[in-house]
Amino acid sequence: MKGKIIVITSGKGGVGKTTATASIGSALALEGNRVLLVDMDIGLRNLDVVMGLENRIVFNIVDIVKGKCKIGQAAIKDRRIDNLFLVPASQSDNKDAITPEEMIRLCEELREEFDFILMDCPAGIEQGFENAVVAADEAVVICAPEVSSIRDADRIIGILFSKSITPKLVVNRIVPEMVERGDMLSHEDVVDVLSIDLIGLVEMDDQVVVSTNMGTPTVLQKNSKAGDAFRRIAMRLNGNEDLPIVVPQVPNRFWKKLGLKIGLGK
Amino acid sequence: MNMTDRNKSPIKLKGVGNSLWVTFDPTQPVDFLQEELTKLFKRMKHLVVNARIVLDPGEQEGCDDVVKKLRVFLKDTFDVGAVSKPPVKRAVKEERIRQRDIGSSWHNSASEVLMLTGRVRSGQKITTKKHVLILGDVNPGGEIVAGGDIVVMGSLCGTVSAGQPDNEDSIVLSLDFRPTQVQIGGFLAAGIPSSRGKTVEFASVEDNAIVVKDYLKANPFGRLPQPLVR
Ligand SMILES: Nc1ncnc2c1ncn2[C@@H]1O[C@H](COP(=O)(O)OP(=O)(O)O)[C@@H](O)[C@H]1O
Ligand SMILES: [Mg+2]
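First to last, the sequence lines map onto chains X and V. Just so you know, we're using this note's numbering here: the first sequence kicks off at 1037 and counts up by one. Just so you know, we're using this note's numbering here: the second sequence kicks off at 0 and counts up by one.
In short, the hints are calculated from the structure, not lab data. All C-beta atoms, glycine included, are put in the ideal place defined by N, C-alpha and C. A portion of the hints provided could be inaccurate.
As the list claims (entries may be wrong) - A few chain V residues that face chain X, going by a derived Cβ cut-off under 10 Å, partial list only:
id: 1; residue: Met43
id: 2; residue: Ser121
id: 3; residue: Asp136
id: 4; residue: Gly140
Stated by the list, open to error - Pairs of lysine-lysine, BS3-like flavour, derived with a Cα cap of 25 Å:
id: 5; chain 1: X; residue 1: Lys1199; chain 2: V; residue 2: Lys11
id: 6; chain 1: V; residue 1: Lys197; chain 2: V; residue 2: Lys212
id: 7; chain 1: V; residue 1: Lys84; chain 2: V; residue 2: Lys13
id: 8; chain 1: X; residue 1: Lys1204; chain 2: V; residue 2: Lys124
id: 9; chain 1: V; residue 1: Lys74; chain 2: V; residue 2: Lys41
id: 10; chain 1: X; residue 1: Lys1038; chain 2: X; residue 2: Lys1102
id: 11; chain 1: X; residue 1: Lys1048; chain 2: V; residue 2: Lys124
id: 12; chain 1: V; residue 1: Lys44; chain 2: V; residue 2: Lys74
id: 13; chain 1: V; residue 1: Lys38; chain 2: V; residue 2: Lys11
Could you build the full structure based on these sequences and the hints that come with them?
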């Protein structure tokens, strides 16, 4: 069976594309799939840093496309998770170092070797975005509950539809306390405007920053709310579509107080 | 009509549009009519020079020769402009047929409406010379430009320009009216207060400004005598 190419995109930068690519990819590999992560943010690579694989880079995606090396030579194997590979972006090239035709040819090859190929898309809608989506079978749009993020995600969704790709939605960086106070848009507000299938809600979680800095995927962390959410998103992408969506909640105050009284909790 | 009622003037004058409408009693002798006309026209002096005159003999028929004589008289004496008989009124029966035709004109009207389903997303723009009807929503950042009306059966949050370039009779209507910006013809409005879907609202131009009203309360087309093609 041929592998699936899923592009992770958002329009706006800094909403969690790279975090999501690393986390979802790791979770898919943990479920036993052969997974390749491709950093398409040419010129601004950082998926390798988030994955903690920076010091093992020899070749990059531009090298593969230009015939300088084989896919197997450029793909870095993760030591912690079996069947997880990363093709890094080139740091020194421009976003137009690769043409869409070259991307389509490369993706044909990748489909033969992996079950899932996740493309970490650059911000914007220029050439880098075009390259990332040109051969994609599916798309996951990451959106933060902010007006500007929604506006950009909406634009991206329109473009994806025009390329006959039906995107799925992840709302990231939700702060339940702020939503409850009315200081942050709820995920319902986001879905109202974007109106595409929701496949996950991810809370704002300090663990993400910790694992990003340590270079360990969030899904390997214990007690990470974001990690749990990304793991469930991976399950949904892996065919478990009926898995219910968990809405981030404000921690129960009663238990918190009680826990404090009897000396539990942090 | 009394032939000898000489106290009552057999002539009435009024201004209609850009012409002088002269109603007269054609049963009176021509010289008497001329006398009376002279009285009136002399008083108006230069105002009648080159004026367009309509000679209306009322309900009477077959008085073409009287009209002809009076026309020559007015032209010679007062230097008036064109003199004509009133435009032929349609017979009642004919008028009824005409009304019926208007009433059912939509039968054979070629569509003047672009009807779309779906969602207009940020960065997408719909441009048409016609009216546009959207069964769906217009997201923030979406844009619609129409030659006529814009009707959104859903939420309108984007930017809309109706009646482009210069039809200020156009309206913008939405079930949930909270646009970023509305333009109608050459008038522009932003920061429009919204009922947020509690009522169906529409924007139109009134007294050189865009106003937003409750559509069902204002009912702007409810008083039309019959359904008309817009
Ligand atoms: N759920 C989250 N909780 C806390 N921080 C997050 C979360 N998602 C992303 N971040 C942080 O936000 C920043 C931007 O994320 P990143 O994945 O690099 O975004 P992008 O690739 O879209 O530019 C990073 O510092 C990341 O650690
Ligand atoms: Mg990134």
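Hints and how they fare:
no. : hint                    : verdict
1   : Met43                   : 68 Å, violated
2   : Ser121                  : 4 Å, holds
3   : Asp136                  : 8 Å, holds
4   : Gly140                  : 5 Å, holds
5   : X:Lys1199 <-> V:Lys11   : 75 Å, violated
6   : V:Lys197 <-> V:Lys212   : 12 Å, holds
7   : V:Lys84 <-> V:Lys13     : 15 Å, holds
8   : X:Lys1204 <-> V:Lys124  : 23 Å, holds
9   : V:Lys74 <-> V:Lys41     : 13 Å, holds
10  : X:Lys1038 <-> X:Lys1102 : 24 Å, holds
11  : X:Lys1048 <-> V:Lys124  : 20 Å, holds
12  : V:Lys44 <-> V:Lys74     : 14 Å, holds
13  : V:Lys38 <-> V:Lys11     : 12 Å, holds
Of the numbered hints given earlier, the model fails hints 1 and 5; all others are met.
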